[in-house]
Amino acid sequence: MSERSRAKFVARVTGMHPGADHFGLYSVQIFILHYWGEMTTIVMMELFMNQNLAQSVTALFQAAHVIIASGFLK
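Residue 29 in this note's numbering sits at position 29 of the sequence shown, with consecutive numbering throughout.
Hints should not be assumed to be uniformly reliable.
[Unchecked claim] Cβ pair distances, simulated, as ranges:
#1 Tyr26 - Leu47: 28 to 38 Å
#2 His22 - Gln62: 17 to 27 Å
#3 Gly24 - Phe72: 24 to 34 Å
#4 Glu46 - Ala20: 32 to 42 Å
#5 Asn50 - Ser27: 26 to 36 Å
#6 Trp36 - Glu3: 15 to 25 Å
#7 Gln51 - Gly19: 20 to 30 Å
#8 Lys8 - Trp36: 30 to 40 Å
#9 Ser27 - Ala69: 14 to 24 Å
#10 Ala11 - Ile42: 16 to 26 Å
Hints listed in this document are in silico derivations from the structure and should not be mistaken for laboratory results.
Only a predicted model underlies this, so the values are computations on that prediction, with no experimental measurement involved.
C-beta: ideal position from N, C-alpha, C; glycine also.
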């Protein structure tokens, strides 16, 4: 397997298609997840008044959300 075909295979398997439109969609998804985490942390800080606790709870909340949304846990 040549280096170029190996790179294409890895890109396809990991979902990172080499097109500009796919890169744009990937970037938008990352930004949405980032801002969702920031907003959730701010809400948790209002509830707990402790930055470390708010960040920990937000991380657990997002991890649980990803597990449930992916269908891994039904």
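**OP:** Just pull the numbers of the violated hints for me, sorted ascending.
**Re:** Failing hints, ascending: 6, 7, 10.
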